[in-house]
Amino acid sequence: MPEFIDPGMPYHGVSPHLTPFLPYVEKADSSHLEPGFRMPGHRLSEPIDIKRLKAWLENCDTNHSCNVTKIPDGIGHAAWLVDVNRRCIVRFNHEPYVALSYVWGRASSMFLCKANLDSLQTPGALDDSLFPKTILDAMSLVASLDLTYLWTDRLCIVQDDVAEKQAQIQSMASIYASSYFTLIAAQSHDAAGPLTSRPLRSVSTSLSTRVANRLSSLFSKFKSEPDSVSLNPLTDTPWRGPRTNREVLNIHCVDLLRTIWFSRGWTFQEWLFSQRRIIFHSNTVNWECQTISLHERQPLEPSFAVNGPPKSLDETWANFHRYARLASLFSPRNFTFPEDVHDAFAGAARIFSQAFEGGLITGLPVQCFDQALMWQPYCPMKKRKEIDYTPANMDGQPVMPSWSWMSYQGNMQSESLASGWAYLYSEDAAITGGRWLIRPTVEWEHNEHEWYYRKVLGKREQRRPSVVPEGWEDKDEYFTTTRVPGQRFNYPIPLTNDPDRVSNQSRFLRCKSPRLAHVELDPEAYSSFAGECAVVSILDPESKEFVGCLRLNQSRQNITGKVATEKFTLMELSEGFVELSFDRSASDKEGMSSSGLDLSSHPLSDVFDEWSLPHWNVKAPQEDNNVYEFVNVMWIKPNLNDVVHRIAVGRVDKRYWKEKAVQEVSDENFIIG
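Just so you know, full-length UniProt numbering puts 609 at position 609 of the sequence shown, and the rest follows in order with no gaps.
These aren't lab readings, by the way, just hints derived from the structure by calculation. This one's a predicted model, so the numbers in the text were calculated from it and none came from an experiment. Where is the CB? At the ideal position from N, CA and C, for every residue including glycine. Take these hints with a grain of salt, some might be off.
What the hints assert, rightly or not - The calculated SDA-like cross-link candidates involving lysine to any residue, where the alpha carbons are at most 20 Å apart (straight line), are:
#1 Lys567 with Val627
#2 Lys654 with Glu545
#3 Lys658 with Val627
#4 Lys660 with Asn558
#5 Lys512 with Arg439
#6 Lys654 with Ser543
#7 Lys114 with Ala167
#8 Lys654 with Thr441
#9 Lys637 with Val563
#10 Lys544 with Pro614
#11 Lys385 with Val627
#12 Lys54 with Leu200
#13 Lys654 with His518
#14 Lys660 with Leu539
#15 Lys567 with Thr441
#16 Lys165 with Asp343
#17 Lys654 with Phe577
#18 Lys660 with Asp522
#19 Lys133 with Arg106
#20 Lys512 with Leu329
#21 Lys512 with Phe337
#22 Lys114 with Ser140
#23 Lys385 with Pro338
#24 Lys165 with His342
#25 Lys658 with Val563
#26 Lys383 with Leu329
#27 Lys567 with Ile647
#28 Lys382 with Thr441
#29 Lys382 with Lys660
#30 Lys512 with Lys383
#31 Lys567 with Gln663
As the list claims (entries may be wrong) - Between beta-carbon pairs, the in silico distance windows are:
#32 Pro96 with Lys562: 54 to 62 Å
#33 Leu44 with Lys637: 30 to 38 Å
#34 Glu532 with Ser65: 36 to 44 Å
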C-alpha cells in the first residue's frame, strides 16, 4: 500500500489534493448498481469482452476530446513501433499506436539492441517463443482491437544505444500522451505473467441486458467531489457490497494502488501522461480517460464531462502546486536500480523544466529553489543510495545528493512546499499557504560537470511588483493574465516556455560565507502533528531556552532516548514569515496576540511542527501583526573531502538567529552533497 494513503482514515482515506492523480476516483459515476450485481473478476472462467473495450474507445472517440493532445515544441516522439500483424518492428510513422505500461521485472527475454535491430525489421521476426507473456498478450489484444501498432520499451528503444535511449527517456511524456490509448498491465508482478487470468474474446450481450443497462443509465448522475475522500466509505463494511458504480471503482482504486505495477518508479509518468487507459488488474479491466472512469460491468451510456485533473502536456506555466503534488506521489516509488530515479522522472522533469524559469536542478525548480529546499518527510524515508563523495567517482555516478527529495524513497510531505505556491491567489487560506513567504539569503551554485559550477539563476522574490509586467492585469486583490485563463495570482510570475531548457542532474550545491550557529537538541522527542517523523526542539547551548525545531527523518519510537545532546551545526538557508492569524479580520481584534492564537486550526499546522511543542507555549513569539518570523536552517554534518550533507531542516526564531549566528568568512567554498 503506498504511503500517501492514510490507514488511519476510514478504509484508507486519501488527502483530497492528491485525488486528481489517483486512479478512477475523480471521474467515477455515482449511479446505483443493478439488483444482483456481482463484483467483476470473481470468476476466472468468465471472459473479458473485447467488444466492450472497443465500445469504450469508440464512445470516447465520438463524444470526448481526450485523444487530442497538444505536444509542446521540442518534445520528441517514439523511434520504433511493433507491427502486431506483420510481427516485426517498424520506424515510427505517425500512425495510431497503443503504448504498453507494465513491470519489466527480471524477465530475461529478448529486447531491441544494435545487434538485432536489422533482423527484427523482417516480417515474422517476432517469434512468440522469444518474448514474455505480457508482451505477447498485449500484441494479441492490439490486433483483436483492429489496431496495428504497439509501443513497448523492450522492443521500441535500442537498449544499448546510449544516445537514442536517453533521447527516448526524455521523450517518454509525449510517447504516452500521444498514444491512441495506454494499455496498463498491472495484473502480474512482472512481464513473465499474463495480461489477465481470464480469457479475452467477444461476448454477445442479450437484449434484456441492453435494456436494463439503458434504463440504469437514465438515473445516472455524477456526485460532487466530497470535502475529503474515502476510497471505501465507512458504511462499506465487509458484509455489505458496493451500492454504486463509484464504490466499485473506489474498491478497484485501492486494488490498483496495491499492485507491484503502481509501486514501480517507471510507471509513474506512464500513468501521468496517458490521456486514455485500459487497465488490467485484479482479474478485471477498467477504462479511464480525461472524462470518465468505467468498470467492465457498467453501462456505457453515462458520458458526462467532468473537470479532469491538470495532467495534459499543454499546461506550460510554472504551477508549483502541481509540481509538489506529483513529487509527493513519485517519492514512494521503488526501483530495482535506484540510480534510475532521474530517468524515471525525466519526462515530467522536462515538462516542468520548460515551464519553470531556470529549469530543474536534481528535481528542484530553480524558480522556487529556496522553497523546494525546505521539503520534509511525512514518514521516515530511506536513502536510495549512499554516495562516495570522492572526485574519482564523479563521472558516470548516480546523482543522489542529500539536499534533494529525489534521493530518498518514501512519503515526502507536499504541504511542506506550500511557501512555493504563495503566488497562487485563493480565498481559501489552505491553498494560499496562510501567507507563508520565503526570502532568499544565500547565493547558491550547482555543479553539472566535474568541479565546474554554475549559479542558480532564476529565483524570484515573493512580492507585488512596483510596475505591472506586460501581459498582466492588476485587479487590486490579485493579478490575472490571459496566458493562464481562470487562474488568479498574488503577484506576477515568469511565464516562460523554453523547449530547449532541460533538467540538470547536479550532485553538489555550494556557497561562500554562510551563516552558521552551534546549538543543542532537547533530549525529548515528539511526534509531528502530521505523519510519523520525530520532532525535536533546538535549544540555546547557554540558556537552554527553546529557539526552534527540526523534523528528523526518523520515527519518535526509534529516536526516543537516543537524541544526541552535544552541540551541532545549523546552516542558514533563507528567511521566512507566516501570518499566525490567517483570518485577517481576527488579527484586527483588540488585544489579540500571537501567543493567544489557537494554531491547531491554522492551515499550516501540519507543517509548522513547533506550534505543537510544549516549549512553544512558553516561547511563542510576541510579534506585531501576528507574524511569526524565522530563519530556515539545515542541520549539516561533515562527510568526506570537506563536503557536508543534510541531516534535517527546520526553523529558528529570527531574533535569536540574528543575534547568535556567525558568518563563516573564508575564501573556501561551502559544499553540500
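To see whether the hints hold, each was checked on the structure:
A threshold of 20 Å between alpha carbons decides the hint, and for Lys567 with Val627 the separation of about 29 Å lies outside it, so the pair is violated. A C-alpha spacing of about 14 Å is found between Lys654 and Glu545, which places the hinted pair at or below 20 Å, so the restraint holds. Note on Lys658 and Val627: the hinted pairing holds, with a Cα-Cα distance of about 17 Å set against a maximum of 20 Å. As the CA atoms of Lys660 and Asn558 are separated by approximately 31 Å, the hinted pair breaks the 20 Å bound.
Simply put, Lys512 and Arg439 have alpha-carbon atoms about 18 Å apart, close enough for the 20 Å limit, and the pair holds. Among the hinted pairs, Lys654 with Ser543 is consistent with the structure: their alpha-carbon atoms are about 17 Å apart, no more than 20 Å. For the given pair, Lys114 sits about 16 Å from Ala167 by alpha-carbon distance, which is consistent with the 20 Å threshold. Under the criterion of a C-alpha separation no larger than 20 Å, the hint pairing Lys654 with Thr441 is consistent with the structure, at around 13 Å.
Between Lys637 and Val563, the direct Cα distance comes to roughly 15 Å. Compliance with the 20 Å bound is thereby established for this hinted pair. Straight-line distance between C-alpha atoms of Lys544 and Pro614 comes to about 14 Å, which keeps the hinted pair within the 20 Å bound. Note on Lys385 and Val627: the hinted pairing is violated, with a Cα-Cα distance of about 40 Å set against a maximum of 20 Å. Of the supplied pair hints, the one linking Lys54 and Leu200 holds, its CA atoms being roughly 13 Å apart against a limit of 20 Å.
Straight-line distance between C-alpha atoms of Lys654 and His518 comes to about 15 Å, which keeps the hinted pair within the 20 Å bound. Between Lys660 and Leu539 the CA atoms are separated by roughly 12 Å; this keeps the pair inside 20 Å, and the hint holds. Note on Lys567 and Thr441: the hinted pairing is violated, with a Cα-Cα distance of about 24 Å set against a maximum of 20 Å. A distance of roughly 10 Å separates the Cα atoms of Lys165 and Asp343; the hinted pair therefore holds under the 20 Å criterion.
Distance check on the hinted pair: Lys654 and Phe577 sit about 9 Å apart at the alpha-carbon level, within 20 Å; holds. Distance hint between Lys660 and Asp522 is fulfilled; the C-alpha atoms sit about 18 Å from each other, no more than 20 Å. Using a Cα cut-off of 20 Å, the hinted pair Lys133 and Arg106 holds, with the two alpha carbons roughly 13 Å apart. This hinted pair does not check out: Lys512 and Leu329 have alpha carbons roughly 35 Å apart, beyond 20 Å.
Simply put, Lys512 and Phe337 have alpha-carbon atoms about 35 Å apart, too far for the 20 Å limit, and the pair is violated. Among the hinted pairs, Lys114 with Ser140 is inconsistent with the structure: their alpha-carbon atoms are about 26 Å apart, more than 20 Å. This hinted pair checks out: Lys385 and Pro338 have alpha carbons roughly 7 Å apart, not beyond 20 Å. Only pairs whose Cα atoms come within 20 Å are accepted, and Lys165 paired with His342 is accepted, the gap being roughly 14 Å.
With a C-alpha separation of about 26 Å, the suggested pair Lys658 and Val563 falls outside the 20 Å cut-off, and the hint is violated. A distance of roughly 17 Å separates the Cα atoms of Lys383 and Leu329; the hinted pair therefore holds under the 20 Å criterion. Only pairs whose Cα atoms come within 20 Å are accepted, and Lys567 paired with Ile647 is accepted, the gap being roughly 14 Å. For the suggested pair Lys382 and Thr441, the alpha carbons sit about 30 Å apart, so the restraint of at most 20 Å is broken.
Proposed proximity of Lys382 and Lys660 is contradicted: the alpha carbons are some 33 Å apart, above 20 Å. Taking the CA atoms of Lys512 and Lys383, the gap is near 27 Å; set against the 20 Å cutoff, the hint is violated. A hinted pair counts as satisfied when its Cα atoms are at most 20 Å apart, and Lys567 with Gln663 qualifies at roughly 17 Å. Pro96 and Lys562 have their C-beta atoms about 59 Å apart, which keeps the hinted 54 to 62 Å range intact.
In this structure, Leu44 and Lys637 break the distance hint of 30 to 38 Å, their C-beta atoms being roughly 55 Å apart. Glu532 and Ser65 have their C-beta atoms about 43 Å apart, which keeps the hinted 36 to 44 Å range intact.
The earlier numbered hints that this structure contradicts are 1, 4, 11, 15, 20, 21, 22, 25, 28, 29, 30 and 33.
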